[in-house]
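All chains should be modelled from the sequences, with the hints used to inform the complete structure.
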Amino acid sequence: QQQVKQSPQSLIVQKGGISIINCAYENTAFDYFPWYQQFPGKGPALLIAIRPDVSEKKEGRFTISFNKSAKQFSLHIMDSQPGDSATYFCAASKNTGNQFYFGTGTSLTVIP
Amino acid sequence: DVKVTQSSRYLVKRTGEKVFLECVQDMDHENMFWYRQDPGLGLRLIYFSYDVKMKEKGDIPEGYSVSREKKERFSLILESASTNQTSMYLCASSFQFGSPLHFGNGTRLTVT
Numbered sequence: 509q510q511q512v513k514q515s516p517q518s519l520i521v522q523k524g525g526i527s528i529i530n531c532a533y534e535n536t537a538f539d540y541f542p543w544y545q546q547f548p549g550k551g552p553a554l555l556i557a558i559r560p561d562v563s564e565k566k567e568g569r570f571t572i573s574f575n576k577s578a579k580q581f582s583l584h585i586m587d588s589q590p591g592d593s594a595t596y597f598c599a600a601s602k603n604t605g606n607q608f609y610f611g612t613g614t615s616l617t618v619i620p
Numbered sequence: 263d264v265k266v267t268q269s270s271r272y273l274v275k276r277t278g279e280k281v282f283l284e285c286v287q288d289m290d291h292e293n294m295f296w297y298r299q300d301p302g303l304g305l306r307l308i309y310f311s312y313d314v315k316m317k318e319k320g321d322i323p324e325g326y327s328v329s330r331e332k333k334e335r336f337s338l339i340l341e342s343a344s345t346n347q348t349s350m351y352l353c354a355s356s357f358q359f360g361s362p363l364h365f366g367n368g369t370r371l372t373v374t
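For the record, the sequence lines run as chains W and B. Using my numbering, the first residue of the first sequence is number 509, and each one after it goes up by one. Using my numbering, the first residue of the second sequence is number 263, and each one after it goes up by one.
If you are wondering where the hints come from, they were derived from the structure by calculation, not from laboratory data. Where hints are given, some of them may not hold.
[To be verified] The calculated lysine to any residue pairs, modelled on SDA-like cross-linking and capped at a C-alpha distance of 25 Å, are:
(1) B/Lys265 to W/Lys579
(2) B/Lys265 to W/Leu554
(3) W/Lys602 to B/Glu341
(4) B/Lys265 to B/Thr345
(5) B/Lys275 to B/Asp313
(6) B/Lys280 to B/Gly360
(7) W/Lys550 to B/Arg271
(8) W/Lys602 to B/Leu340
(9) W/Lys550 to B/Phe359
(10) W/Lys523 to W/Lys550
(11) W/Lys566 to B/Gly360
(12) W/Lys513 to B/Leu303
(13) W/Lys513 to W/Asp539
(14) W/Lys513 to B/Lys280
(15) W/Lys579 to B/Phe359
(16) B/Lys265 to W/Glu567
(17) W/Lys579 to B/Leu303
(18) B/Lys275 to B/Ser349
(19) B/Lys319 to W/Tyr533
(20) B/Lys315 to B/His291
Listed below in structure tokens is the structure:
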């Protein structure tokens, strides 16, 4: 049973465009929602994270939007660059919990 | 910067062999994790450890065991490797539960 559902599986965006990746969860006990970025040959690295007390968090060109009532959160990459081409994973956990639940990943390709 | 080091980048083993995957972290983190990454399935937790000699099963522990004799080192053991264990294996550590995960660069294991 997939605790966190992620879409789309792959995404192709033109340079300068906006990349949007969506995730949904069921467990209302989740209270920490990170996004990880993974380049080929590397392990995932924390990109940005949000807690449900805010609806949006922005770091540079990366923004998480969080909708608690809909149990959905999304990653927006503004002004997408070829260097953003990577696989992105959303995840969820309980603050005191011992497990992260990951989405299935989105392969992003930014075309020059 | 936290460094999580996995001893092998690539491994090729034969069916039935006993396989050891080693992971070392240098930040005195309490928690260590082993994930398996497969296309379309995301990251799935095999085992985790919250203290020396302590371990707990994740979502897919069958066919695997772990060992944590020292705080900085966490080993994944495939008692009798099978072809369906061909995968990318990722080790991670975290300061405490609810803290971000720090991943190694992975070990790509092929079982023939």
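Do the hints match the structure? See the list:
1. B/Lys265 to W/Lys579: 33 Å, violated
2. B/Lys265 to W/Leu554: 13 Å, holds
3. W/Lys602 to B/Glu341: Judged against 25 Å, a Cα distance of about 32 Å means the pair is violated.
4. B/Lys265 to B/Thr345: 30 Å, violated
5. B/Lys275 to B/Asp313: 30 Å, violated
6. B/Lys280 to B/Gly360: 33 Å, violated
7. W/Lys550 to B/Arg271: Cα-Cα ~10 Å, so holds.
8. W/Lys602 to B/Leu340: Given pair lysine 602 of chain W, leucine 340 of chain B is violated - Cα atoms ~29 Å apart, limit 25 Å.
9. W/Lys550 to B/Phe359: 23 Å, holds
10. W/Lys523 to W/Lys550: With a Cα-Cα distance of about 23 Å, the restraint between lysine 523 of chain W and lysine 550 of chain W holds, given a limit of 25 Å.
11. W/Lys566 to B/Gly360: 21 Å, holds
12. W/Lys513 to B/Leu303: At roughly 11 Å apart (the allowed maximum being 25 Å), leucine 303 of chain B and lysine 513 of chain W satisfy the hint.
13. W/Lys513 to W/Asp539: At roughly 16 Å apart (the allowed maximum being 25 Å), aspartate 539 of chain W and lysine 513 of chain W satisfy the hint.
14. W/Lys513 to B/Lys280: Measuring from Cα to Cα gives roughly 34 Å; hence the hint is violated.
15. W/Lys579 to B/Phe359: 22 Å, holds
16. B/Lys265 to W/Glu567: 23 Å, holds
17. W/Lys579 to B/Leu303: Holds - the C-alpha atoms of leucine 303 of chain B and lysine 579 of chain W are around 21 Å apart, at most 25 Å.
18. B/Lys275 to B/Ser349: Measuring from Cα to Cα gives roughly 12 Å; hence the hint holds.
19. B/Lys319 to W/Tyr533: 22 Å, holds
20. B/Lys315 to B/His291: The hint holds at about 14 Å.
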